[in-house]
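Peer 1: With the hints as your guide, set chain W onto chain G.
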Amino acid sequence: GNSVTQMEGPVTLSEEAFLTINCTYTATGYPSLFWYVQYPGEGLQLLLKATKADDKGSNKGFEATYRKETTSFHLEKGSVQVSDSAVYFCALTDQNFGNEKLTFGTGTRLTIIP
Amino acid sequence: NAGVTQTPKFRILKIGQSMTLQCTQDMNHNYMYWYRQDPGMGLKLIYYSVGAGITDKGEVPNGYNVSRSTTEDFPLRLELAAPSQTSVYFCASSLRVTGANVLTFGAGSRLTVL
Numbered sequence: 001g002n003s004v005t006q007m008e009g010p011v012t013l014s015e016e017a018f019l020t021i022n023c024t025y026t027a028t029g030y031p032s033l034f035w036y037v038q039y040p041g042e043g044l045q046l047l048l049k050a051t052k053a054d055d056k057g058s059n060k061g062f063e064a065t066y067r068k069e070t071t072s073f074h075l076e077k078g079s080v081q082v083s084d085s086a087v088y089f090c091a092l093t094d095q096n097f098g099n100e101k102l103t104f105g106t107g108t109r110l111t112i113i114p
Numbered sequence: 001n002a003g004v005t006q007t008p009k010f011r012i013l014k015i016g017q018s019m020t021l022q023c024t025q026d027m028n029h030n031y032m033y034w035y036r037q038d039p040g041m042g043l044k045l046i047y048y049s050v051g052a053g054i055t056d057k058g059e060v061p062n063g064y065n066v067s068r069s070t071t072e073d074f075p076l077r078l079e080l081a082a083p084s085q086t087s088v089y090f091c092a093s094s095l096r097v098t099g100a101n102v103l104t105f106g107a108g109s110r111l112t113v114l
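These protein sequence lines map, in sequence, to chains G and W.
The first sequence begins at 1 in our numbering and counts up by one.
The second sequence begins at 1 in our numbering and counts up by one.
There's no promise every hint is true.
In silico SDA-like cross-links for lysine to any residue, where the CA-CA straight-line distance does not exceed 25 Å [said to hold, decoys possible]:
1. K9(W) x L47(G)
2. K44(W) x G1(G)
3. K57(W) x K60(G)
4. K52(G) x T104(W)
5. K60(G) x L95(W)
6. K57(W) x T26(G)
7. K44(W) x G9(G)
8. K44(W) x T108(G)
9. K44(W) x G78(G)
10. K57(W) x Y30(G)
Rather than coming from a laboratory, the hints here were simulated on the basis of the structure.
No experiment lies behind these values; they were computed from the predicted model shown.
Next comes chain G alone, as it looks inside the complex (with noise of 0.2 Å):
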């Protein structure tokens, strides 16, 4: 079955730093990618999304090209700040049920140091 693998957490940061959080999916088809966010104490909301291989799904600085070759949709921003702290999840769409579904993976939690 499709599975997104995340780069184990936690993750901390001083403020300004580079940072990349990787991921690989295995799925069949042609998946929709996404990076999704979970602040403290909410939900999930997207981040960031890209639909088709070596397209760039861009949002509040941070960046994820889809990478077909690789299997990958790393996640990544130039310079961070205290309140990108939160947990990241990358996630695909399940290709065999039509778009209906997606897959998450374990998450990775970020923090940022001032």
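Peer 2: Chain W alone, transformed into the frame defined by chain G:
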């Protein structure tokens, strides 16, 4: 705009008790979902619905039931609560369109079974 509203936010149950987690959305989304989030395990799909009157099992449906009598509401019923059902539960909804299916999540319901 309320989005997806879940109640209660917190609940403690004794083994064998029953309860219903409520979920309501005001965005006229046709798809609704229930996920559970366990530490270090990501999110697992319990049940989902593609429209009023239609429900289907996800990855981990045992011990739960759902109904979808209206577009807005998607309650999750726990019968005979067990300690293994201690988790954070998230309801989500989406509007089925072509392309990527983006979910809107509620803030979550933390359930403890003792």
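Peer 1: Each of the hints needs a verdict: does it hold here or not?
Peer 2: Hints, one by one, checked against the model:
no. : hint             : result
1   : K9(W) x L47(G)   : 24 Å, holds
2   : K44(W) x G1(G)   : 14 Å, holds
3   : K57(W) x K60(G)  : 35 Å, violated
4   : K52(G) x T104(W) : 22 Å, holds
5   : K60(G) x L95(W)  : 24 Å, holds
6   : K57(W) x T26(G)  : 22 Å, holds
7   : K44(W) x G9(G)   : 19 Å, holds
8   : K44(W) x T108(G) : 16 Å, holds
9   : K44(W) x G78(G)  : 31 Å, violated
10  : K57(W) x Y30(G)  : 23 Å, holds
When held up to the earlier numbered hints, the structure conflicts with 3, 9 and fits the remainder.
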